[in-house]
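Residues 3 to 403 (our numbering) make up the sequence shown, in order.
Derived from the structure by calculation, the hints contain no laboratory data.
In this text, a Cβ means the ideal position worked out from N, Cα and C, and glycines have one as well.
A portion of the hints provided could be inaccurate.
[Said to hold, decoys possible] Capping the alpha-carbon separation at 27 Å, the derived lysine-lysine pairs in DSSO-like fashion look like this:
#: 1; residue 1: 221; residue 2: 151
#: 2; residue 1: 198; residue 2: 221
#: 3; residue 1: 94; residue 2: 177
#: 4; residue 1: 238; residue 2: 221
#: 5; residue 1: 238; residue 2: 94
#: 6; residue 1: 238; residue 2: 273
#: 7; residue 1: 238; residue 2: 200
#: 8; residue 1: 151; residue 2: 198
#: 9; residue 1: 71; residue 2: 94
#: 10; residue 1: 273; residue 2: 22
#: 11; residue 1: 22; residue 2: 94
#: 12; residue 1: 200; residue 2: 94
#: 13; residue 1: 198; residue 2: 94
[Stated by the list, open to error] Restraint-style ranges between C-beta atoms, simulated for each label pair:
#: 14; residue 1: 395; residue 2: 273; range: 50 to 58 Å
#: 15; residue 1: 402; residue 2: 225; range: 30 to 38 Å
#: 16; residue 1: 127; residue 2: 156; range: 20 to 28 Å
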Amino acid sequence: MATNPKVNSRGKKKKYHISKRANQISPSGIRKFFDLLASMEGVISLGVGEPDYATPWHITEAAIESLQKGQTMYTSNMGMPELREELARYLKAEYDLEYDPATELLITVGVSEALDLAMRAILDPGDEVIISDPCYVSYEPCVVLAGGKAVAVPTSEEENFELSAAEVEARVTDKTRAILIGYPANPTGAVMSREKMKQVAEVARRHGLLVASDEIYAKLVYGVEHTCVAALPGMKASTILLGGFSKAYAMTGWRIGYAAAPREIIAAMTKVHQYTMMCAPTMGQVAATEALRHGEESAAEMVGDYNRRRLVMVNGLREIGMPCFEPRGAFYAFPSIRTTGLTSEEFAERLLTEEKVAVVPGSAFGQCGEGYVRCCYATSMADIEEALTRMRRFVNRHKKA
């Protein structure tokens, strides 16, 4: 008779050894609420950061055509040469940055893999990486899983959630290897001014640090300019530029990202990539090539629509008693919930159960996110307006006396 491998000879459940690194990180606070709402009917989701658009048809059609032609084999570990060439042309046209497509560009399974590879390529156990707080949920876990330590720099609404160069420098030690930043920012929608980005870059130069810059939302800015870190004077040689196609081209499920960096760093990242992912999905790479060649018009239309939704969301939140920082990038609002007296976790859970509106607690993004929730406005105007109506009822019920 077969025995249950999870039960030992005394009939007790076996305890498996789990690594310290895996135990050190928490499950994603975003996915927790995504899983909850999947089991509920009538929920309006302002939770997961995903465009509500389908991928523009000409991009999808290019992938379908590649499948019809039987292009289902592995590509080069670094990605299809034609995609890397198009990406090199794009970065030159957009930022006047010149990258060798054969040695300085790597196509990855989304920007999340690019971030993971970057941390594993540059960190040894005990090395430190400076991050902002709040920041995207993957930053600290990627540092930890690479054996490093994430050192958080608080940011605040009063300072537009921008990193302070002085605060960054105060946390530099002899173990610091890199500064990891992400602007336009998830969850706040903040955009770093060029001047403040130059100040942070100067700290990196002064201390010989790398900057890993997650610029997945680079195209999603409203009335301001995005500053590409690698394009700042003298920064290309010490920047790992991370980007992708998920947000601007509505291609989240295609899982195509990229890294642009000095060849030694790309070579190290590629070695890890070879043994883990091998290559990004072939049909996704074909789609990304089409997006770079002919996707600008569609991307611009989506950004214009996000801007209209942004204004409705931010003004609506303010009107119902949720003071809200004005996001100038990405597609998130980050309103304060302090008038309710609830923690961000309590607010999100009760809003979901009482009014069937899903938001993400600010605490999922770091200690400085407490007192806020993240609301994604990459959803229909009708859903935004209905969500605001429900949230008004909720806030009115829970206002502190």
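Hints, verified against the model:
1. 221 to 151: violated, 30 Å
2. 198 to 221: Holds: residue 198 and residue 221 sit about 19 Å apart, inside 27 Å.
3. 94 to 177: Not OK: residue 94 and residue 177 at ~34 Å, beyond 27 Å, violated.
4. 238 to 221: holds, 20 Å
5. 238 to 94: Roughly 12 Å between the alpha carbons, so the hint for residue 238 and residue 94 holds.
6. 238 to 273: holds, 22 Å
7. 238 to 200: This hinted pair holds, its Cα atoms lying about 13 Å apart.
8. 151 to 198: Distance ~25 Å between residue 151 and residue 198 Cα, so the pair holds.
9. 71 to 94: violated, 31 Å
10. 273 to 22: Holds: residue 273 and residue 22 sit about 25 Å apart, inside 27 Å.
11. 22 to 94: Distance of about 43 Å is beyond 27 Å: violated.
12. 200 to 94: Holds. Residue 200 to residue 94 sits at ~20 Å (cutoff 27 Å).
13. 198 to 94: Holds: residue 198 and residue 94 sit about 23 Å apart, inside 27 Å.
14. 395 to 273: 50 to 58 Å: holds, 55 Å
15. 402 to 225: 30 to 38 Å: Cβ of residue 402 to Cβ of residue 225: about 34 Å, so the range 30 to 38 Å holds.
16. 127 to 156: 20 to 28 Å: holds, 26 Å
In summary, the structure is inconsistent with hints 1, 3, 9, 11 from the numbered list given earlier, while agreeing with the others.
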